[in-house]
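Asks: Between the sequences and the hints, there should be enough to build the whole structure, so can you do that?
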Amino acid sequence: MFGDDVDEGDVLVSLCDLKTYYGEDSLLSDDPVKAVDGVSFDIHKGETLGLVGESGCGKTTLGRTLIQLEDATAGEVRIGDTDVTTLTGDDLQRWRRNSQMVFQDPESSLNDRMTVGAIIREPLDVHDWKTPRERRARVRELLDTVGLSEEHYYRYPHQFSGGQRQRVGIARALALEPEFVVLDEPVSALDVSVQAQILNLLNRLQDEFGLTYLFIAHDLSVVRHICDRVAVMYLGNVMELGPTERLFQQPQNPYTHALLSAIPEPDPTADSDRITLTGSPPSPRDPPAGCPFATRCPMKIRPPEYDSVDTEVWARVEMLREVLRERSNADRSLTERAREILGLSSRFSSADEVHDELFADVTLPAAVEDHIEEAMDHVRNDNETRARAQLREAFGSVCDEERPKSHVVDDESGTSRCHRHRDEHDEPSRSQVVSE
Amino acid sequence: MATTVETTFRERLTRQPGPATKWLGVLLVLVALQFGAVMQTIMSTVPWGTIGGALPATAPWAALAGVGDALADLPTLLARDVIPNQGYQVPGEGWQGTFMGLSPAAAWGIRVSLVYLYSFGFVGWLGYGYLVFRRHYRAADWTPYDDMLGRLDGHRWGQFGLVVVLMFIVMALFAPTLGPTTVQSNIAEPFSHELQYFDENAGEVTTILVGEANLQSVSKGGGGRNVGPMQYDRYDRFHPFGTLPSGKDLFTFMVAGARVSLFIGLLYISLAAGLAVVLALVTAYYKGLADLTVVIAGDSVQALPQLLVLILLSFVLSDTWIAGIYNGGLLLALIFAITGWPYLWRAVRGPALQVSNEEWIDAAKSFGQRPVTTMRKHMLPYVVGYLLIYASLSLGGAIIGVAGLSFLGLGVNPPTPEWGRAVSAGQPYVATASWHISLIPGIMVVIIVTAFNALGDGIRDAVDPQSEAGSNEVAAGGGGA
Ligand code: SF4
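Heads up: the protein sequence lines correspond to chains A and B, in order. Just so we're aligned, residue 1 is where the first sequence starts under this note's numbering, counting upward by one. Just so we're aligned, residue 1001 is where the second sequence starts under this note's numbering, counting upward by one.
Hints should not be assumed to be uniformly reliable.
Unchecked claim - Stretch-level coverage of chain B by chain A, calculated; a stretch enters the list once three of its residues show a Cβ under 8 Å from a Cβ in chain A:
1. 1137 to 1144
2. 1350 to 1360
3. 1369 to 1378
Unchecked claim - Lysine-lysine pairs mimicking DSS-like chemistry, simulated, CA-CA at most 30 Å apart:
4. A:K130 <-> A:K19
5. A:K405 <-> A:K19
6. B:K1377 <-> A:K130
7. A:K19 <-> B:K1365
8. A:K19 <-> B:K1287
9. A:K45 <-> B:K1365
10. A:K130 <-> B:K1365
Keep in mind the hints are simulated off the structure, nothing from the lab. All C-beta atoms in this analysis are idealised placements derived from N, C-alpha and C, irrespective of residue type, glycine included.
Replies: What follows is the structure in C-alpha cells.
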C-alpha cells in the first residue's frame, strides 16, 4: 500500500519544500506564522531520525504535518508515489493506518473516562479491524508487547503512573501496525528513571516490527542515545542534518555549534568554550530575509570591507543591530529588552546610553563610527526603521540578504544550510566566535 | 466497548447468578403490586387490533386479547378505587364508601404514603441494582464515576435536593392517584359530576352536583366562607390544602399543576440542553468561524430581556394553533428553550473548549476517527456533568418562570391547573383566614426551586470537586424570572 514494499534503508518518507503556515485564513489579516518554512529531507525505512531545536522552532508542527494533523501550506510529503498532503477521504483514511503518533504528555493523551483496553482498541474500531473478539485479543497482546499485563484491560488511566500511561499511548500507536511513527517528545514529561525504560521499549519495538521513527526532542542527550540521524531545526528551517555521531562531534552549521555548546559538559576540564546565544529567536511571523539564524549567529559573515575590524568591535556593532531589531519586534521597552540582551543590570534611560554601554570601552574605526552615528541620529528622531535599514545597508552581508542553500557536508550526504560552506568563505568554526 | 462488556458480562452473569436473581425478584414483587396498571398500559398503547387483524387465525388471538383485558382490569395497589377516600358520614353508622370505613383523611393519607413508599422502593431498587452490578458484574473494579458518586455520598445538601426533586417528580407522575378527588370531576367539569352526602336537614343521603357543592365550599376570607388546610367541607369532602376561592380542591389542583410544571420544565430543558451541548461540541471541535457565529447568535439572544420576551411571545402567540397544544404548555416550553439555550451553552462552552485541547482529541484525529464519534466519546462525557448542573439550576428557574407567567394570566390556559394561578387567585385573601391559597403554592415553588439548586450544587461538587463557590453566578443564569 503506502511504502509497504520499501526495503530497509531506502527512502520511506520524502519531504519536499514543505511549508506549514498558521493563521493565513484568519479574519485578522496578520502575517501568518511560518511554523515550517520550506523543509526538505528523506526519512529512511527502519531508521530513527531525530528532530531537535528550541521550543517554538516548528519541530512539533512538522511532526503533526507529517501525520496530517495539520494541513501543509505548500510542498509535498511523499510516500512512494503518493503525495500525502493531497490525500482526502478514503485514501487519507487508509494512509492514517500507516503513520501514528506517540504524544508528549501522557496525562493529556489518554481519555481518562475510558478503560485502557477501550483506549487501545479505538484505532481498531475506527478501521473496522477484524471482529470485536479478535480486537480484544489484539489489545491483550499489545498490552503484553508494551510491558503491561492483560489485567490492565479494565483499568482507567488514573490508576497508572506516567511511564505506564506512556506505554498505553505506545500500544495505541502500534495497534494498526503502522510503518512510520512520530514520537513527539515521548519521554520529556517522565521521570529520568522511567525515561530509559521507555526509550529501551521504543528501541525494542523498532527492531521487532521494523518501525521507522521520527523522534522529536529538545533533550540532546536522549537524541544522541537513540537516533541514527539528526535534523536540527531553527525558525521553521532545517539548518543541519547528518549522522548522529558526526553531528555531535563535528557540527558543521553555526546553529548546531551553538545548540551543542549549550549542553553541560560532563568533563569540566574539556575545552568548554561555550557559545552563548544572545536574544531570542525572531518572530516566525516575520523571519529574517536572509539566513534564519542571521540575527543571532555568532559566526556571521562580515562584508569584506570590514574584515579587518576587531572582532570585539564587530560584535558590538552586531549587538546594536540586535537591540534595535528586538525593540521593533516587541512593544516591550528598549530598556527591558536591551538589559536582557546584554545581560546587564544597569539601567538605561535612552538610546544614547545603549550606545555608550556598547561602545564606551572600544575604539571604533572611523568608517564604522560614521555609520553608527548616522543610525543613532535616526533613533533619536524616533525613526528606528530607518536606523535599522541604514545599519543593514552599511554592515549587512550575504547572511542578511540571501537564504543559504543546503550544502553536503559529509560523506554520508549530511547537509548544512550556511553560506560559510561556499568556497569563497571560511568554513564555520569556533575560532570565529567572540568569547565574552 | 459495548461488545466487550456484553459478552464478558454474560459470562460473569452465568458464573454468579445469585445477586442478579435476587435483584430481579424484587422487581417481580414491585411489578406484581402494579400488575393491573402495567397490563393496562400494554393493552392500551399497543395497537392489538391491527396486529390481530394481520394474523390469520383470529379465534385464539381474540381469546388472548380477552385475557389481556381481564388482566388489565385487575386491581392495583396504588389505584384510587382500591383505597377510596370519598364518602359520607351517616350519624351512628360512621363513614360510608371509604376505605375500610376509615375517615377520608386517613384513607387519603394511606394512599399517599403507599404511593411514596412504592416510588422510593422503586428508586431504591434501581440503586440496589447499580450496586449489585458494581460489586459482582462490572469488569472494572474502579471507574472515575465511582469517585463522583462517592463525593455525593456525604453531600447532605445535594441529597436533600435529590429527595425533594424525586418527591416532586412522584407527585407529578402519580397526580391522578394522589389527589383526594380528580381534576376531571372537581376542577374541569364539576357540573357533569355528582356526589352523595348525608343531608342533616332531610335526614337522608342526598345527591348533589359537584359544582353546586363547590359553591358552598369556597375559601373567600372567612366568616364561614373558608375551608382551610386539613379541613372537611360541609359535604364531608376532605381538603388537605383547603379549597380555592372557587371551592375547588387545592391539593388536587397542586398535584395536577406539578405535572404541568414538570412537563414544561423537562421539555424546555431537553430542547435547550440538547441544542446547547451540540453547539458547544461542534464549536469547540472546529473552533474558528463556527465558534464565532454561535457566540454572536448566543449573545444576541442573551441581550434580549428574557422575561419581557417571554411575556411578549406568549401574548402574541396565545391565539395560534400552537398555543392549543397541551393547553399552551408546549408553546411555553418552546419559548423558554429559544430564549434559554445560550445560558446552558455558555455554561458548557468552557468545559467543551478545555477538553477539545486535550491531546487525546488529536490522537483520535490521527487514527482517523470521525468527528461525530470523537465528540461523543471524547468530549461529551466531560461536558455532560456540567450540563446536568446547569440544567438542574435552570429547571428551577423555569418552574418559577411558568408560575410567574400564569400569575400574570399568561402561559398555561385555564382551567388547566398551574401553581402560579393558585397564587394569583389567593392574592386578595393573603391577610385573611384563606391565606393558604397563595401561601401553600408559593412555599412549594420556593422549596422545589431550592431543591433543584441544591441538586445542582451536589452534582457540581461531585463532577468538579475543585470548584468552590461560584454558585451565585450560576443561579443567576436560571430561568430569568
Ligand atoms: S549563513 Fe551566515 S548567519 Fe547563517 S548560519 Fe551561516 S554564517 Fe551564520
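Asks: Assess, step by step, whether the Cα of K19 (chain A) is no farther than 30 Å from the Cα of K1287 (chain B), and give holds or violated.
Replies: 23 Å, holds
Asks: Given the hinted pair K1377 (chain B) and K130 (chain A), is their alpha-carbon gap at most 30 Å?
Replies: Holds, at about 21 Å.
Asks: Would the pair K405 (chain A) and K19 (chain A) pass a check requiring their Cα atoms to be no farther apart than 30 Å?
Replies: Holds, because 16 Å separates the two Cα atoms, which is no more than 30 Å.
Asks: For K19 (chain A) and K1365 (chain B), compute the direct alpha-carbon distance and say whether it is at most 30 Å.
Replies: Holds, at roughly 21 Å.
Asks: Would you say the stretch 1369 to 1378 of chain B counts as covered by chain A, given the rule of at least 3 residues with C-beta under 8 Å?
Replies: It holds, with 5 qualifying residues against the three required.
Asks: Do at least three Cβ atoms from the stretch 1137 to 1144 of chain B come closer than 8 Å to Cβ atoms of chain A?
Replies: Since three or more residues must qualify, the claim that chain A covers the stretch 1137 to 1144 of chain B holds, with 6 doing so at under 8 Å.
Asks: Taken at face value, is the distance from the CA of K1365 (chain B) to the CA of K130 (chain A) at most 30 Å?
Replies: 21 Å, holds
Asks: Taking only the CA atoms, is the gap from K130 (chain A) to K19 (chain A) under or equal to 30 Å?
Replies: Not satisfied, since the Cα-Cα distance of roughly 38 Å exceeds 30 Å.
Asks: Sort out whether K1365 (chain B) lies within 30 Å of K45 (chain A), counting only the CA atoms.
Replies: 24 Å, holds
Asks: Check whether three or more residues of the stretch 1350 to 1360 of chain B sit with their beta carbon closer than 8 Å to a beta carbon of chain A.
Replies: holds (count 3)
Of the numbered hints given earlier, the model fails hint 4 alone.
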